[in-house]
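First to last, the sequence lines map onto chains E and S.
Using our numbering, the letters of the first sequence correspond one by one to residues 1 to 393.
Using our numbering, the letters of the second sequence correspond one by one to residues 394 to 610.
To be clear, the hints were calculated from the coordinates, so they are not data collected in a lab.
Any given hint could be a false lead.
Said to hold, decoys possible - Covered stretches of chain S, as calculated for chain E (at least 3 residues, CB under 8 Å):
1) 448 to 457
2) 529 to 542
3) 550 to 558
The beta-carbon is built from N, C-alpha and C at its ideal position, and this holds for glycine as well.
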Amino acid sequence: MRKLLAVLVLLMAWDLPARAQSLQCFYQTAATNFSNSYFGNDVTHGNTGLPRSTEVNAALAGFGRNGFILDGPVFYVGTECTTSHVTFDVYSADTYSQHCICTGGSAAGQGCTTISATTGQGIAGSCPGGGTATLYNNKYDVGLYCMGGNCIFGKLYASTGLLDYSELQPGIRTLPWASAHGGILLPVGTYAVAMGTNCDSGSVAGQTGQVTVPHSGTTVEWYSGPLFVNDGSWNNTPIYIGDPTFSHTISSVSSDGKSLTLTGVISKTGAVGYVQGAISAKGDKRCLQARGEGNGYGAGGKGSGWVGGTQLFATKDFVTALDPVNSKFHADCLLFDPYHDNSIGLPGESLSFPPTLAAYDSGGCTYVNNARTGIAPLTPFGQAPHMIDFAIW
Amino acid sequence: MNHFVKTALAALVLITAAAFAQSGTPECSGSTLHLSLATAGSQIFSAGQTTGHGVVMFGLSNPASCVTQGVAYITWTKVDSSTSYLYGWALVCISVPGCTAGTEVARTVPVTGATFSPSANHSTFLSWTSQATIGPGIYGLALGTTCPSTATCTGLWGDVTTGSWYPFVQAGTGTTGSYQWTFGSGGFNFNSELPLTNVPPVLGASTGIAPPAAILY
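Model the full structure from these sequences, guided by the hints.
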């Protein structure tokens, strides 16, 4: 028995050095940094979420919703490791820098109505129903969510915490995870990088967000409650028709069995106005951009080689849900800065899951509900979105 | 046989089983153990140029234990296919649990350009002197040459300035400085001067050295 114990002791001693030294993580979420893309929320990229009125928090309807993005492919941690930092390459800074939110009054939490005609930036102006127009610096946040494996699904394992726009100037940016205390242990599993911003929150207008009136030939999608106008000439940017500065008349109505198409004239008080949110592939460029993959499948190929912009690894998942009825994305599942006051970043592990403060679930949120039972897209499905290359180490 | 002995025997069986399981360690995969995947950039490797005195080391992260047989790479449009100068690779522990930093876990025999780069625009490979089982961690893949900058030295296709992230990219500094690494017929000598661990990642060829599109297999 003594010999047996001696063997055991020797074997355990042999194994000790390997356990004593923690394995340092080093993962990256893209193959190259050849391109650049938006560093922020789905509204920033294209305000096409168009949630039904029954799906949204009324206080947030029609304004920057601050949904955030699970960016790039999930990466697989094959061996438990410790991470302390995230590094990425900022391509262009946030030129909005601030957004304007009404505090107090009947429109608390909504965007100010006065926007710079030259920059599109929200400025302290009037607030519907009273209240005080308050300017907030734009914030960003990056985190790691477990998407499967031995880690806890949906748990936020690491986060930078709220980052002021001014911290994210062009160039390579290395940031410590908040409260890392020497490193955060990542169990074996798959992880997704989440990023959020309130860059276009409230009254910030997207680039080319200027509209002229009157306008006609409007298509209206009407489900119930307030109407949202989805006009092609306005780049499919939803207009909250409940806005008292808009008026409309309906000249004809048709239906495809799923939704109504109303044709008529819509007009807005005054000669020029700004739409809320941003325009796909345009407004996002005024918020923060960072480098990663881009240029579509196979673009930039050099002979039989791979140059660098193929987006081969790309997926990008907006935290919104696909409506099975009309194939439009509707519900907002998780929100960044839901109170529009920079008090909450990414949903943290201290919150219950689904997080109660930074998210709301209207019942169709893929990542909040379905993915918990194992449904999470791991590969591209018909698209090759731009994506940011994060180095996690 | 008392309970303790039974427990000890059970533990021994488990450990033995684990040891046997390690013998089934998978081959290293090129999809995960690569430097650069891009081939838009290139770098001529020579002694005395950006590679210091013929040695440059590229950080590489291995996520799980695997067995490696060698390294594969793609030659550039200009190559040294002569027998005048030597080239070689080595794999070195940098931050690997259970492996002392600086330990050379795999190396190729120094070969001449005729073997290292027999033709241009060609994918080729060199085997390690013996296969190596490498655990998870950060490694340095070192490339060495005796080819002087005054000669036609071999170039390799690889990364572009905006390429991949690397744990580090570090050239040897010759006979002075912090990284006095050498390479010759006897292989590499790192003189116990290796890159610091846990350094911020670097972005591909922005370091001035385009990492080659090399993979471990």
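Against the structure, the hints come out as follows:
no., hint, result
1, 448 to 457, "holds (count 4)"
2, 529 to 542, "holds (count 3)"
3, 550 to 558, "holds (count 6)"
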